Amino acid sequence: MKTCLAVALLLPFWLCQPLLAQQQVSLTKALAEVKQVYGTRFAYEEHLLDNVYITGNLKLSKSEPVENVLKGLLYDKGFLFLYIQKNYYTIIKDTRKQQGPVSVNNSEEEIPALPVQSYIQSISGRVTDIDGKPLVGVTVLPEGYAITQGITTNSDGYYTLRLRVKTEAIVFSYIGMAPKKLPIDGKEVLNVQLENDARQLEEVNVVSTGYQTIPKDRATGSANVIKGSALKQVPSINLLDKIQGLAPGVRVDPRTNTISIRGINTLSTSSGSTPLIVIDGFPAIDQDLTERLNSSASAGAILSRYNPEDIESITILKDAAATSIWGAKAANGVIVITTKKGQKNTSAINFSTSLNISNPANLSQLNRMGSADYIDLEKEMFNLGFFTDPTNWSPSWMPFNYNAPVSPALDWMFKVQRGTATASQRDSALAALSKMDNTQQIRDLLLQRAVSQQYNLSFSGGGQNNTYYLSTNYSKDIPVFRSNKAESFFLTANLSNNLFNNRVTLNTDINYNYTNSTANQAALNAIGSTTLGLRPYEMLADATGKPIARNILLQDDVAATFVSQGYLPWSYSPLQELNYSNGVNKTNRFRFIASINTKINSWMNVDLAGSLQKSLAENNNLNELNSYNTRILLNTGTTVSSNGALSYGVPYGGELITFTSNGNNYSLRAQLNVNKSWRIYNLVALAGTEIREDKQDAFQQTRYGYDQDTRYSAAYNPTVQYNTVYGWTQSLGYSDGAVTSNINRFLSYYGNAALGVLDNRYTLSGSVRFDDYTLQGVSRSKRARPLWSTGVKWNVLDENFMKGVNWINTLNLRATYGTGGTVPTSATNAAIISLGGIDQVTGQPYGQITSPANNTSSWELTRQWNLGLDMGFFKNRLSVSADMYRKKTSDILWTFPVNGTYGWTNILYNAASMKGHGFDLGITGQVINSRRFTWASTLNFGYNTNKVTDSRFTKPTSIILVGAGTPVVGLPTDYVYAYRWAGLDNQGRSQIFDSKGKVVNADVYNTSLTSEDLVYKGRTTPPFFGGFFNTFTYKGLSLNVRVNYELGHVFRRLSIQNYPNYQTNSYYGVLGTQKDLAKRWRKPGDEAFTNVPGLPNVNYNSSDRYANSDLLVLSASNIRLQQVSLSYQVPGALLKRLPVKSASFSAAARNLGLIWRKNKEGIDPSYITTNNYTNLPPATAWFFTFNAGF
Amino acid sequence: MNAMTKHILYLTLALGVLSGSSCRKYVEVEQPNQRTLKYTSDYQALLNNVSYFERSYTMPLLSEDDIDVNGNATLETRLTNELANIYTWAADYYTAAQTDATWDQLYNLIYECNVIIAGVMTSESGTTQQKQQAYAEAKVQRAYTYLLLNNIYAPVYTASGASAALGVPLVLSPDLFTDLTRPSLQTAFDQIVSDVTEALPYLPAVPANNLHVAKAAAYATLARTYLYMQQYTKAADYAAQALAIQDSVLDITGFTTSLANYPRRLLNPEIILSKSTYPPGFLYMPLSSELLNYFSAADMRYNLYTRDGSSFYPSFTGRGSYKYNLFNGDYISTGPTVPEMMLIQAEGLARNNQQDAAMALVNKLRVKRFKAADYTPLTAANGDDALKIVLDERRRELFDMGLRWFDQRRLNLESTLAQTETRVFKGATYTLAPGSNRYVYPIAPGYIQLNPEIKQNDR
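So the protein lines, in turn, are chains A and B. The opening position of the first sequence corresponds to residue 0 in numbering that gives the first Met the number 0, with each subsequent residue numbered one higher. The opening position of the second sequence corresponds to residue 0 in numbering that gives the first Met the number 0, with each subsequent residue numbered one higher.
Note that these hints are calculated values from the structure, not bench results. It is possible that part of the hints are untrue.
[As the list claims (entries may be wrong)] Mimicking DSBU-like on lysine-lysine, the simulated pairs with C-alpha atoms at most 30 Å apart in a straight line are:
hint : chain 1 : residue 1 : chain 2 : residue 2
1    : B       : 37        : A       : 781
2    : A       : 340       : A       : 34
3    : B       : 24        : A       : 694
4    : A       : 781       : B       : 24
5    : B       : 363       : B       : 387
6    : A       : 343       : A       : 28
7    : A       : 613       : B       : 24
8    : A       : 694       : B       : 370
9    : B       : 387       : B       : 370
10   : A       : 1074      : A       : 1159
[Said to hold, decoys possible] Not the full set, but computed from the structure, chain A residues with beta-carbon under 7 Å of chain B:
hint : residue
11   : 662
12   : 744
13   : 746
14   : 773
15   : 832
16   : 834
17   : 839
18   : 843
19   : 845
20   : 846
21   : 847
22   : 898
23   : 899
24   : 901
25   : 904
[Unchecked claim] Not close to chain B: a few residues of chain A, all C-beta gaps over 12 Å, as computed:
hint : residue
26   : 155
27   : 255
28   : 450
29   : 568
30   : 583
31   : 782
32   : 848
Quick caveat: nothing in here was measured; it's all calculated off a predicted structure. No residue lacks a Cβ here, since even glycine has one placed at the ideal position from N, Cα and C.
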């Protein structure tokens, strides 16, 4: 740090001296300097001061009045400045013809004494806002004469304008409001209402790192800022949907509901690749943006961790210079969320609501075979002896026949075999079954129209010395799966107070979030492929609408015998289960953040900040007495005693499993901020120290014999053995286990400095962070490591040789290098003991060493280079930002084999390495920017790839490569290898080619194949991805079209599922329903036209090699029309008589489907994890949103 | 700068200084569910872990001549490559990619012993006596484990050859990545003897249960050690010392009809130190006719511990060992027992031509192995006669537990007892000649690849 700063300080001296004399400074920069010194703020119309330069050296000193400085700067260039309030000026173009000397009217008190006789008319009146509240400091000017003639309204909104020249009209202007021109028409009183200007003044572009806010043009690092307004364009309840595609290099995966920045940096799943999430300056207690219920299904309900309406901006920090201030947790990038604050001297109420409706997924897209094909498959398997008649009481030691029943179709086949039905009866029964199709019932009875609602109400504003932002939000998401829902409620209060004459600022953020979700698996189970799944002809309800229940465990007659003895029904009905076995999760989250900022002098201040976050979650899984789970549990534990009475081994009643978890997190921070300019230098620096504690506790309690009405449960002894109906004994067992706790503490010192030289023509930045953290038994020297970064930025446009170039107005070059870490969670430098309770035989407490002392473990380290280029053309009509990066992660924790002689065969230690590289490109253009019609277009493009470089991952076997679970040197982490398909042989079994082109049949073991016999097919994550967004506006109408794309990756098409892998006479469960199964090989000769292995002679190699063959690996490249939305901003004029300042409506359609895909099979490659209902591409969702400001 | 500002500045500085000075303490908090070993009770908990400290070996059960696949094709195909290699005394057992589970497990046990030995004396909340006892227990456990390893992976100890032959790598601290050069066999056995000797004074006379090492177990370990060092007098002495503490022999004649009261392993009064194993590959093998010939039909061990081949899956002709199946899920006991000590003492006596004393011990054992009606005491005319009777009794008493393989290793060096073993497997005949290198297991090549300083055994 020291050397780094010293270099930064010394380097520029020789550079700057000769340049001082003829210095060209843009006017905006000069004004920024003024702001720095005087604290003066300015408002001016967008692009007004673009390309205006002043020559000479600014010598700012507080002894000189600011007005004099402004005169010197502005008047020569033809601009005027108007006083709005203390230290706040509006800058306008001086449109007067040169009319003598210019003076300034600052306020009523300072109106220069004018000769009374020189005015010809006096006009007075009052200026109010749309609510009738007086507007203070409105500039009132005679048209065409501007400042010397102008005046501002007083504290009651009144003005009196004395006209010295003849004027037709008066112009009223006020910051943030649309200016208004009124004809005088001889009137003496002109009262005016000004309306909010929908087109706000140019915002200052800043990057928030969580520790500081720096202007974007001074940041050396790579970061993307997503403003709240951009988030608003996607009305979805899911924050990830809102972010998708908005920042190049940031990828949202809809399948896993995760976000990743510039790919992955680690091989170990425990440390993960998720970015650090920071909320208002502190790491969030939940490190995810959203949670998805029914996590296996892409259409599960969404719970957001943050109220999207509260978000002012999201800053995504990507390279080391941007992230290194976060040190040990920043290797995967940082997402900094800043919530909204109030504005001084304003008040506003905002209300918005959004409704989303979408149909269940399009079931016609299912690649599903019909009932006839399914029965045909069952028939073939039956004839090949895959099933045994369940009525055979075998093995003989069964106390009763507890063979599982077969499907209705198979049952008919067995009836004929047994002689209890004729072949024609069977055929007509099967024909009837073939006509059954449960698709419609699934859609109608298990799925539903998905509906989500959002309501948001916020109050914001502030007085002279304080601001407030209060908001409340309610969201409800009902997904397509019945009996599931997610509700969240947010309450936010962000307050800020200036104390002691603005020396001290106190910020307080209070946030409360309540979520309540209900998860029910019945719909997912019914359409899944477990034994609870439905065969295509198995209906959910009969013709009268009564739910159909089926026996899954026992045959009907066996179950009926038990029921007649007093047992509960053994049958399962998906429709009934929709009412039972809900998992209800209720979570309360609290967040308090307070900070005190104290100015020590004009260039130094101190921040003291703390955060306290808590989460309290309770998850209740209730299996009611009537639920299938409980009925089976009870029935299994029930026996009939000699007198015929039932004896219950399990307490009679429901089962309630309660899982409680508490998270506690606090941080304290003390930080010194410096912002000083001297001579040609400008230094922005901070240094601080921070402590943090993360604490989690969780425990579970299981109750049996639970009665929902009385809330009473039975006492039970988990170790007592009870007799089961099957004749053996078992016990309920103790599944609740220990109270799991963990505690992690961090202690950090950090510092960051950016030195701007020559009016920030050159900026040098450096940061260093030293993290110490809880890691068992590890010496401090290993635990705590400094992480650092350095960067440089060159504002090329400020160079003399660029002076003549007008069409470029931004040209910055950036280069950074630095390190980021990933905290290990598992490897330890001391032997860790886990205590296991009491041994049942010896009665002694026992334990074991779970991991050995490993003196090599530390954190994973990622080094990153970043080169960036920012360009703006034609008054920033077109701006391009490009970044190129290289990453190298070393010390990745991986379980490597070690010599078993040391006592351990595998040890997790920091040994592996990998590298990655890529580029991010963002292009934004105002294609058309006329007064009425605008077209804005943004194209974001990211490329990322990685490669394992550790040479220990060598010699992969063919099985490892096809399984893709282990890293392999020289390959990306997500590689796909496949067998070279060679068609079926005349027995209907898979054949593949080996590396020499020789055909290998299914009898050859995998162990005799080598890695060379497989073919590399690519990666499963897209190397190229991004978004393309277009917004067209015409007057108040705005059309937004969003396109996302993912290119260059592959996926395995699912062709056969739950397909027999070997010959057996006891095939059990629900067969797959893929259409491909109907194309299976049946008889010699079929191999000429099918590739699906046949059932006769099937073995594991045959079906496994087909499923993993290159035949089924397809390109996953796709371009998707994600959203089209149309919104309408109601013109202020129409709202005049309403108590509404602004109003807008919008309608959006999301999930509009693929525009283009490379695969020819018609498959949406983003939704292929399993090819059943649970992962269908979502149907188009319709959103209606209304926004109103008061 | 006003007062308020000053206060805040001071506070900030104070906070910075405070966190700077107490930083280490702040982050060094213990994890509630898992932690580093700290208390004496943590080390005791390790020693209480049945599934760790009962570990022994499995593969010698496949090498020894107690079993014979006998051309059973089903069993032959079920013997996977490495099992078949062991069964046929092949030059190499494992491929480079495979690990040797016996080696791994025993060295893992040694790691735990090393952790205890290195740390228990400085642990918290224990009395010196408790610490010393845990320390001593770990030392004996480590010695016992090294004895097993050397018996499997090192040449047979001979007084003349021990300093030239190589013992197994001697790891005596819980450090990873240390040098693994094999010490001499003499060094290896010296370490075993010194560990036990050092531990003896701190051990209790009677253990809490036979998972734990007490004095009897320490003496038994020494008795076994000297037996395999072929120092039979010393072996007999230590066996006698073990027996002086624990000498109950279970009367097994009561279990003809029901196993109901048969003691489980940890409660068995015969077991001095409980160690367990299971059939290699969980495959039940037919007992060799050579072994079965030692039994008379009246021998209760024959009735209790063997069953007809039809009782096993896959079934075979002949008889199989039922030791594993006496209790569902219980294991085969391989640890030192009272009968084994009696036979070690008897062997020492017999070799010292004290045939009567030897026979007294043998008969003391046999009286509990036959019903009264079937029992006749054995007599020996001389030392050689007695030795033969003792060794025969060892075969009957100690079959199917790996000890036979260790006996084969040492006895084939005596010209009078040496015999050539032959096996037929998948049609081919394999022989194991007296003094063959194949009496020593190869070290799995993977370990040598990772640490080339480990020298392979001569093949």
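Status of the hints after comparison with the structure:
no.: 1; hint: B:37 - A:781; verdict: 21 Å, holds
no.: 2; hint: A:340 - A:34; verdict: 22 Å, holds
no.: 3; hint: B:24 - A:694; verdict: 17 Å, holds
no.: 4; hint: A:781 - B:24; verdict: 15 Å, holds
no.: 5; hint: B:363 - B:387; verdict: 17 Å, holds
no.: 6; hint: A:343 - A:28; verdict: 25 Å, holds
no.: 7; hint: A:613 - B:24; verdict: 24 Å, holds
no.: 8; hint: A:694 - B:370; verdict: 67 Å, violated
no.: 9; hint: B:387 - B:370; verdict: 23 Å, holds
no.: 10; hint: A:1074 - A:1159; verdict: 16 Å, holds
no.: 11; hint: 662; verdict: 14 Å, violated
no.: 12; hint: 744; verdict: 4 Å, holds
no.: 13; hint: 746; verdict: 5 Å, holds
no.: 14; hint: 773; verdict: 5 Å, holds
no.: 15; hint: 832; verdict: 5 Å, holds
no.: 16; hint: 834; verdict: 6 Å, holds
no.: 17; hint: 839; verdict: 9 Å, violated
no.: 18; hint: 843; verdict: 4 Å, holds
no.: 19; hint: 845; verdict: 4 Å, holds
no.: 20; hint: 846; verdict: 3 Å, holds
no.: 21; hint: 847; verdict: 5 Å, holds
no.: 22; hint: 898; verdict: 4 Å, holds
no.: 23; hint: 899; verdict: 4 Å, holds
no.: 24; hint: 901; verdict: 5 Å, holds
no.: 25; hint: 904; verdict: 5 Å, holds
no.: 26; hint: 155; verdict: 35 Å, holds
no.: 27; hint: 255; verdict: 28 Å, holds
no.: 28; hint: 450; verdict: 42 Å, holds
no.: 29; hint: 568; verdict: 34 Å, holds
no.: 30; hint: 583; verdict: 27 Å, holds
no.: 31; hint: 782; verdict: 7 Å, violated
no.: 32; hint: 848; verdict: 6 Å, violated
Of the numbered hints stated above, those contradicted by the structure are hints 8, 11, 17, 31, 32, listed in ascending order.
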